[in-house]
Every structure is written in C-alpha cells, then in structure tokens.
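Letter by letter, the chains look like this.
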Amino acid sequence: MQPTMNDRANIPAPAVDLDRLIDDRAAEGWFSVHRDAFRDPAVFELEMKHIFEATWNFVGLESQVPNPNDFLTTTIGRSPVVVMRDAEGKLGCFLNSCRHKGAVIFHTGEGNGAHHSCPYHGWTYDTGGRCVAVTSQRQARYPEAFGATAHDLAPVARFDSYRGLLFASLSPDVPPLAEYLSDARRGIDIVVDQGPDGIELVPGAVSFTYNANWKFQLENSSDTYHFIPTHTSYIGVLEKRRSQRAAAAPAGSIYEDIGAQAASRRGSFTFPNGHVLMWGDNPNMQARPLYASLPQVEARVGKVMAKWMMYVRNLTLFPNVQIAENASMQLRIIRPLAVDRTEMLTYCVAPKGEAAESRIKRLRQYEDFFNPTGFATPDDTSAYEACQRGDDARTLDWQQGYVRGMGAVRAGGNPEAEELGISPETSSVGGYLMGDETIFHGNYRAWLGLLKRGAAKDAGAA
Amino acid sequence: MSNGLAEATALLALEGMLLDEQDWDAWLALYEEDAEFWMPAWKSESQTTGDPQRELSLIYYAGRAGLEDRVQRIRSGKSVASTPLRRTAHMVGNVMPAGEEGGVLSVKSSFNVHVYDTRTKTQHVFFGRTTHGLVRRDGALRIRRKKVVLANDCIPTMLDIYCV
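Sequence order for the protein chains is A and B. Mapping of the first sequence onto our numbering: position 207 corresponds to residue 207, and the numbering continues sequentially without gaps. Mapping of the second sequence onto our numbering: position 28 corresponds to residue 28, and the numbering continues sequentially without gaps.
No lab work stands behind these hints, which were simulated from the structure alone. Hints are not guaranteed to be accurate.
What the hints assert, rightly or not - Output of the computed footprint for chain B on chain A, the stretches with three or more beta carbons under 8 Å from beta carbons of chain B:
| no. | stretch |
| --- | --- |
| 1 | 106-117 |
| 2 | 232-245 |
| 3 | 354-363 |
C-beta atoms are modelled at their ideal positions from N, C-alpha and C, and glycine is treated no differently.
Working from the sequences, and respecting the hints, build out all of it.
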C-alpha cells in the first residue's frame with residue numbers, strides 16, 4: 001500500500017517499558033526516576049511524539065507580534081512553527097513549512113511582511129496562512145487532483161492565549177488551555193500584573209545549548225537544594241561586593257545575604273498536567289527593581305499579590321517554558337534537541353514602561369545570574385552535563401533525587417494556596433535548607449501520563 | 001598615529017596571550033579602573049542591542065571591578081564551569097584605527113578564540129569583532145573601553161571572560 005500523509009503517526013514506537021521509568025510509591029515514602037529517562041534515545045523519541053508534539057507548548061508573547069503582519073518563529077517539539085498576525089490583526093499559528101517541498105518560509109526570529117514567498121519555487125503565502133500564489137500555476141498542466149488539494153500553510157491543531165502568553169498544540173486531543181494550565185495561571189498573573197500595562201521582553205535575546213537532557217533544566221528551575229553548592233562562586237562574588245560597598249547602600253542582589261535566604265521559607269505547589277511553582281521568602285526585597293514602586297503596586301493589585309511579586313518564584317509550565325523570578329526575571333524556553341542535548345532561548349522580562357533606574361537594576365542582576373556568559377547559569381549547565389556523563393554509568397539505574405521534603409508535602413492546598421485562591425494538587429512549605437524535591441513529582445506524573453497515553457494510542461492504531 | 005597603531009596591535013596581541021596563559025593579574029593590569037567592558041546581546045539577525053542601560057547585554061561592566069569579580073570566580077575553585085578551566089588560543093587580527101577623541105584611541109580588530117573543553121575533549125570557536133578604546137598612562141597604552149560583538153552568540157554551555 002502506498003504510504004499516506006499520516007503514516008508517521010502509525011510507525012510503531014520503539015519498545016520502551018514505560019512503567020520501568022518512574023518508581024512512584026509516594027504513599028510508602030519513595031519516588032525515583034530511572035536513569036534511562038535521561039539517557040535512552042528511544043525515550044527521547046517518545047517524549048517528542050507523545051509530549052511535545054501532543055500537548056500545549058508555549059510559543060511566544062502577544063507583545064512580540066503587536067502589529068498586523070508581524071510574525072515570530074519557534075518550534076514545537078521538532079516542528080518549526082510561525083506565529084503571525086494577519087492583515088486584520090488576527091493571530092494564527094502555522095507549521096513553518098512550504099506545502100510544496102517543505103522549505104521553511106520564515107527565516108528570522110521575528111519580522112513583518114504581508115506576503116511571504118518560499119525561497120525555493122516561489123509559492124507565496126499571506127499572513128493568514130493562505131497560499132495566494134503557486135508559481136506559474138496556469139502553465140503548469142497540473143492534474144485535477146492538485147486543484148483539489150489544500151496548499152495553505154497547515155495551522156496547528158489548537159492555538160490560544162492566557163494573559164498575553166501564546167500556546168499551541170499540534171494535537172487536537174488536549175483540554176482547553178485554561179483547563180490545561182489550571183491554577184498555575186495564578187503564577188502567570190503574578191508576573192503579568194507587575195506593570196500597569198503588563199510585561200514586555202527586554203530587547204536582546206540570549207540562546208545557549210548544553211550537552212545534557214532537557215529534564216535537567218526542567219528540574220533545576222524548581223530545585224532550591226542545588227543553589228548554595230552549585231553557586232558558591234557567585235555567592236562569593238556577591239559577598240565581596242557587599243563588603244566593598246557603603247553599608248547604607250541597597251543590596252545589589254537578593255542573594256547578597258545568603259544567610260538570610262537560608263533562614264527563610266521555601267514552598268512548592270504542584271498542579272495538574274506537570275506545572276509547578278516553587279516560591280520563597282525574599283529577605284532582600286529592596287534589591288528588586290519593582291521595590292521602588294511597591295506602594296503603587298500594592299494600591300493597584302492588593303497587598304497579597306504585591307507580596308507574591310516580591311517572593312522568589314520559579315514557575316514551570318510543562319513542558320517547555322519557565323518564568324523564573326529570583327535575582328531578576330527570566331522567561332526561558334526549553335527546546336530539546338536530542339536525548340543529551342538541549343537548546344535554551346532566554347529573555348529578560350520587565351513591566352512595560354519600567355523606570356530607568358529599575359531597568360538598570362534588573363539588567364545587571366539578570367546578566368550576572370541568568371546569562372550563559374554570567375556567574376551562575378554556566379555552573380548549572382555544567383552540572384547538568386556532569387549528570388549526563390555520569391548517568392552513563394550503565395550498571396546504575398535509579399536516581400536518589402526525589403525524596404527530600406517528603407515529610408512536609410501534603411495533598412491539596414495550604415494557607416499560602418488559600419491566600420492566592422488556588423487549588424494545587426500538592427503543596428509544601430519548609431525551611432530553605434529542606435531543599436524540597438517532591439515538587440518534581442508533579443512534573444514526572446504528567447510526563448509519564450502523556451507517554452502512556454501516547455503508547456495506548458499507538459497500540460490502538462497498530 | 002602609525003606608531004600608535006603598532007603599539008595598539010601589540011597590546012591586543014598581549015591581551016590575548018595573557019588570557020591564554022591565564023595570567024589574570026597581568027591581564028587586569030591592562031585595564032583602567034573605570035574601564036567599561038561591554039558585549040551586547042543580539043536583538044535581531046543583524047542588529048545588536050545598543051543601550052546597555054535599557055537593553056540586555058551578554059556582559060556589561062561599568063568598571064574593572066566586574067572583571068576582577070570574574071577572576072575571583074575563576075580562581076575560586078568553586079565554579080564547576082571553571083574547574084578545570086578550558087584551554088584557549090586567541091587569534092587577533094585586522095587591527096585598524098577607528099579614530100581618536102578626547103585622548104582615547106579607538107582600535108577595531110577581529111578575533112577567533114579557540115576553546116577546548118578537557119572534560120569532553122570537544123572544541124568550539126568564538127569569533128567576532130572588537131573595538132578597544134585605549135588611553136596612555138605612564139607612557140603605555142591601557143584599555144579604557146572594550147566592546148565585543150560576538151558573531152556566534154548561541155553559546156555552547158558557557159562563555160567566560162577569557163573565551164573572547
């Protein structure tokens with residue numbers, strides 16, 4: 001039989017015993033992830049197909065494409081996509097691939113233009129994704145079947161937004177976006193409401209790669225435990241700066257007084273579908289760029305939301321985006337390239353119209369902490385690479401990194417969840433040095449759930 | 001000017017050599033205390049950021065203290081990204097004058113820095129162009145400003161001050 005367009009979905013998945021990958025016996029006091037989740041290329045293939053290409057992915061911000069005919073390009077799993085506004089300003093999301101021979105149509109990260117021609121044979125599309133010209137169609141002597149075939153750019157199956165954050169799914173078999181994000185949406189609210197007119201990406205995107213599995217980044221964002229051991233040299237630089245500046249001068253970073261951090265609280269929320277929020281007290285809130293306008297922020301959003309804006313908060317929206325606000329505020333997009341290779345695209349996030357002094361504060365802390373050219377992220381990514389190399393110890397199976405804090409985790413909410421008006425699946429509060437690892441359970445339960453759902457579909461299709 | 005250019009060329013070569021030799025103190029001594037070090041980020045395929053006070057940079061230090069912080073971290077032995085250090089070889093070329101204003105001599109150049117990671121036995125080249133602003137102090141040229149435009153800005157794992 002001739003292969004059809006949809007045959008790829010029917011290729012039998014590599015044989016992976018999914019139940020072998022997660023040892024979830026939380027009720028008995030144990031949880032672990034098998035090292036194959038980080039090192040087996042067959043698992044990676046399943047992750048691409050059944051997770052990234054089968055659920056909602058973050059694809060950009062509305063503020064990146066403010067005008068008619070603006071576009072931005074990104075990827076969902078392995079698939080190149082373009083997000084664009086049509087001539088009337090309506091947003092759409094399409095596979096960035098010419099229907100003729102597949103060439104990518106949009107070659108830059110962002111841009112503007114009413115029509116976009118394929119560089120190869122010249123098929124031309126408008127910003128609604130419609131194919132408006134097949135080059136020399138009249139002279140082509142195409143068969144009738146060609147005229148009966150759609151040539152428009154293929155739209156993604158689902159496309160929606162929440163508070164200016166755009167999400168798309170290549171599969172129609174997903175819950176509505178609001179339901180998918182559930183109460184993790186409150187983590188987005190705490191970010192977006194920081195400016196009276198919302199937030200924007202500070203000009204200047206930074207990308208980097210590391211030679212390790214994408215889930216090391218997924219976890220690290222919620223990992224309080226690593227901070228002091230991994231970032232000792234960064235903490236040392238901050239200590240030196242503190243000793244050299246005038247005593248009355250404000251802190252240059254929330255992490256300047258690591259002792260105060262270590263004596264503060266940290267908490268975790270897990271939500272359905274793999275989203276998690278790590279939060280913590282911020283004993284150095286005057287180091288935050290938003291601090292200068294705190295009274296106005298409180299008047300606008302209320303004391304509770306303003307307090308949460310000052311907290312350390314690292315939000316993961318499974319599977320591909322994190323918004324971390326600690327030393328500064330970063331939006332990071334995770335793009336897995338291979339089982340042992342990941343690309344990160346990162347942006348500094350700021351309230352629109354931020355005051356000049358606050359912006360400078362934000363930038364310097366951001367560059368110090370978050371850049372791959374700074375003092376902290378290179379130590380994170382180097383640690384991921386050490387894990388990837390060490391996970392090649394093939395006679396070792398199970399990690400021991402998922403049980404700290406098991407004595408503190410509880411089902412449902414807690415007083416912090418109540419003040420935020422959210423209903424997480426689990427919540428936890430402890431001292432900073434507890435270094436909670438139960439927050440990862442939320443990631444891996446969704447991860448395994450999607451892999452199993454995909455395997456069941458494949459089995460049904462076979 | 002021609003003498004100044006020869007002297008500047010020698011200074012740029014020396015800077016690269018000192019970084020490759022990991023002679024951090026001698027490297028820092030090339031910089032004025034108020035030296036600005038700036039490596040802008042890119043905001044599109046063809047344009048870097050232009051204002052380090054409003055837009056993001058890959059690295060921005062308003063004074064030599066920022067470079068001293070980098071050296072402290074490198075020497076600390078407590079940065080996994082810096083222990084062991086990568087080996088580098090700087091090649092600095094196309095040195096040409098770019099004007100003189102207020103006693104600051106601007107010099108443009110191009111660079112390739114080969115970087116070798118002993119842990120993975122892999123290598124990478126960072127390349128781009130640099131503008132140095134040089135001043136004369138105690139008879140010798142010293143660095144008042146350095147702007148690095150990194151052409152290949154998708155960073156493999158890390159880029160430290162000695163990699164450009």
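Hints violated by the structure (numbers, ascending): none
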